[in-house]
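Asks: Protein sequence lines correspond, in order, to chains A and B. Just so you know, our numbering puts 12 at position 12 of the first sequence, and the rest follows in order with no gaps. Just so you know, our numbering puts 1243 at position 243 of the second sequence, and the rest follows in order with no gaps.
Calculated from the structure, these hints are not laboratory results. Here a beta-carbon is modelled for each residue, glycine too, at the ideal position from N, C-alpha and C. Mixed in with the good hints, there may be bad ones.
[What the hints assert, rightly or not] On the chain A side, residues computed to face chain B include the following (Cβ under 10 Å):
hint, residue
1, D59
2, H62
3, G70
4, V74
5, F76
6, R86
7, S92
8, L120
9, P124
10, A126
11, H129
12, L131
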Amino acid sequence: MRALETIVATRIVATPAAIDALAAKVRAPGADPPVAVLRLADDDALVLGVPDATSVTIDDPHAIVVAETGFSGVWFAADALDAIVRPFIEWSVPTARPALAQGLIAGVPAKLWLTADRVLLFCPTAPAHDLHERLS
Amino acid sequence: MARIIVDGEPIAFDDGDSVALSLMRAGQVPGHGGCLCLAGDCPNCVAEVDGVAWVRTCQTRARAGMVVRRHPAIGAPSPITNVSARATTVRHRHADVVVVGNGDSGQRAARDALDDGQHVIVLDAAGGDEVVGIFAGPTVVVRNVDAIAHVHAQLVIVATGAAELQPTCPGNALAGIVTARAAGALAQAGIDLGRAIVVGAAPAGVLGESVDGTLVRFEVSALRPGSVGAVVVRTDDGVEHVHPCDTAIVALGRSPRDVLARMAATDSAVRVVGPAADAFDLPPCPTSGTVCPCSRVEVDDLAGAWGRGFHDLELIKRATLCGTGTCQGAVCVPHLRAFVADRSGTTPAPFTARPAARQLTMGEASTNVFIDTCRRTALHDEHVRLGATMDRWGGWWRPWHYGDHVAEYWAVREAVSLGDVSTLGKMIVSGPDALALLERLYPTTISDIAPGRSRYVLLLNERGHVFDDGMVCRESDDRFVLTFTSGGAAGAEMWLRDWIETWGLDVRVLDRTMALAAINVTGPLASELMGRVGLSAPLRFLEHRHDIVAGVPCHVMRLSFTGEASYELHHGIDRSVELWRALLDAGRDLGVRPHGLQALFGLRLEKGHVIVGADTELDTTPRRIAMDWAVKMGKGDFVGRTALARTASLPDGRRLVGLTIDGPAPTEGAPIVIGTEIAGLVTSSFASPLLGQTVMLGWLRTAWSPEHPPAMVTVDGRVAALTATPFYDRKGSRARA
C-alpha cells in the first residue's frame, strides 16, 4: 500500500446546527478531490480540501476552527476496498455512498471516507506508521 | 486407493471418511482408549494432524497424504510441529442472526429468522465451520479448513443439540467403547464391530446384544491389551453379569451440548434453543473410574478434593482441573454435577466455559490480533537520526537519551536544549460556559487568569485524588488551551466531556494532542535562542501568545518543568521538523543540543516537580504531595472539594517527601527504612551532577513533621536525609529569568 500522507483540511467544532448549515453550503460537486464535510461527531467536522481555516465561516461565535494537519491518509479505488482494508475490519462497512465510517482498522483508530469511486483511508498521523505497516 | 499416513504407516480410507473412521476401518483407534463419541464432544480421538496437535480426528475429513500422529499415551504432545499450519487469514462476515448448529432446532431457528427478513448465517461443524468461541459483540469465531472467520451478528442462536453421556466406571479408559451414535456411524460406514454388547437401548442399524442392568465396569481383553474384553452389569437383584465382547456400546442418556451456551451465558445477544437449553436428568453419582478424560481426573481425585473441603463445583474444578481441558467439560460436567449433588444435596449449576472450545494454533489465535499502537511524534525520525535510544512512554515512542544524558543535562543547566514534548495532552475549550466548566473542574481559581496568562493546575476526581496535572492558558474570556500529561490526554477529554454533559454546559472541546507538536526550548540561553529565531518580544514567566518562530506559526508558552527558563512551542505537526532543525541551527554556537527523558526526569526531580502517575498513587491528595497551594477551598465548588473538606481534618501521616543521599541513585521503588521498619518507598531518584548527591522523592507513611523528624532514615542501607524540595533553585529565579 502507498504511504499515508498529510491530509489538508480544516477542523471545526461547533454546534450541530452550525455544522449542518456549513455542510449544506460548502459542497462543491466536481472538485477533485471534492470538498467534503466529514462529520466526525455531531459537533465535530473535518472539511477536506480547505487548508485555510480563516476561509471558513460558520454560524457559531464560539466555534473552534483550526487548520488540521494531524491526519494522514491515502486514496484508493473503491473496488480495492475488499483487498486492502476489509480483511482488517471487524465492523460492518456502510453500503451507502458517500459515507464516513470510523473504527479500528488493523487495531488502529482510523476512518474511511467512502465515495462512489474512491476511498480515503486516514487516521491520526501519530499511529499512521503502524496502520501502513499492518496493511502493507 | 487414497491413503493417510498414521504414525508412519499408510492407511487407506474411503471417500468421505473422517480420520477417526479411517483408523477404525483399519482396526485401529485414533487415541489411546476411552469411549468414542465420533461427534466432536469427547477428547478421546484427538491426534496430531499435519503438524497440528489436539485435532479432533472424528471431525476431520481424511485427505490423501495427510500425516497423522497419535499423541503420546502419557504427557502432552508438542503443541505444533508445523509452525505455518493454519497461520492464515481472518475473514469477516456480518449477519443479523448467526445460528450455531444445523440440527432440528438450528434449522427451525434459522427458518424463523429468515421468515422475519433477517440475514442469517448457519454455522455447523459438519459443514466445516468449527465454532471456537463466542465473544463480546457478539462475535462468533469460527475455524474452517483454510481460515479463521469472525462472524459478527446482532443475535447468536446456539442450537448445538445434546451430547451422549459417557460412561464413568472402572475400565472406561479402555479402547473399544463407543456411544450409541458412534456405533450407528460405524455400522453405517460398514465397519465390523465384532461381538457388540449394548448397555441401554440398541441403536438402529447396529447388530448388538442389549443387556439389562446397571453398568458396573469394563474388563480388559486377554487377547487385546488395552481394549475392552467384557462389559459387567448389575441387575436389580444385585447380581453382576459379565458379557464378553469386542465392542462395548453405551446408551446412557444425553446431556445438553452446552459449551458455547456456558461460554456466553450472560450475553443478552446470545440465545440457546433446543436440546442445548434443556435440563436433562443427571447421571448417577460416579463412584469409580475416569471422570474427566482431558485432565485424567478420577472419581478418587474428586473425593480427595471434597475431603479437603472443596465443596463448590467451581472450587472442585480448580482443585482437580476437572473440566478445564480440551472439551471444556462437555464430557465431565454432568458427572461432576452428579458428584456434588450427591454429597451436598443440591444440584449445582454448571460452570462457565472459556474460549477456545476448540484448540487453536498460535497462528490462528494471533491472526489479525494487533497490540496497541505506539504513537510517533512528528520528530521521531529526527531523534533516530540523532542517535536517540527510543523507548515507549505514555503510549508514545520517545527519546530516552541521545547517547549522553549527563551532557544533555548540562546543556539545560548551562546553555540551551531542545526537548520533544509533543506527547503532552493539548485541548482547546471554547464556549459561553467554558470558564464555568474550568472553575468547577479545577481546584485552582481560573477566573483571575488574564488572557495571555497561564497557570499550573491539578486535576482531581470526586474523591479528591490527583489523577492528572497540566496548564490552563487563557486566550480570551471564553476560550482556553489546556495541557495534560502525555498518558492522561485521552482520559482527560472524556473527563471534560462527561462533566460538560452532566452539568449541561455550552462548551466546545477539541483534543489537539495528536495534531500539534511541541518543542521545549529550555536553559539559561533559551531567551537568546528564541530571539534569534524571531520571537517578536520576550515573554514573561507564565505568559503565552501566538507568534511566528523560525517562520512557523506557534503557540508559545513561557513556563518551566526543568527549572530553567523555558519556552514551549506548540505548532502543527507538518512543520515540526522544519522548526526543530531551525532551532538547532540557530543555537549551534550556544551549545544547543536535544535532551531525552532520562535527563528531563532528573532535571525536574531537582526541582521537586511531581510526575503524576509515577510519584503519585491512586489515592494521592494534594495535601499528601504538599500541593495544597494549588487548591483554593474558598473559591466555590469544584470536583473533589467535598472529599477534600471532609478529609482535611483527619490525621494523615502519609507524605511524599524529598530525600538526599550520598552515592549512586537507589532503584526507584527501593524501600525507605526508619530504624528497622520499612516506612515507605522511593518513587524517583537521580544522581544530581550539579548537587553532587542523589536526590529522591518518596512516600513515607509514618507520621512525621519537620519539627519531629524520624531518628534515622536509610535507603539501600545508606543514611538518607529528609530534605525540603525543591533541591535546586529554591526561589525559582532561574525559571523566571
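Asks: Please go over all the hints and tell whether each is borne out by the structure.
Replies: Verification of the hints:
no.	hint	verdict
1	D59	violated, 14 Å
2	H62	holds, 5 Å
3	G70	holds, 3 Å
4	V74	violated, 16 Å
5	F76	violated, 19 Å
6	R86	holds, 7 Å
7	S92	holds, 5 Å
8	L120	violated, 17 Å
9	P124	holds, 4 Å
10	A126	holds, 4 Å
11	H129	holds, 6 Å
12	L131	holds, 8 Å
Checked against the numbered hints given earlier, the structure breaks hints 1, 4, 5 and 8 and satisfies all the rest.
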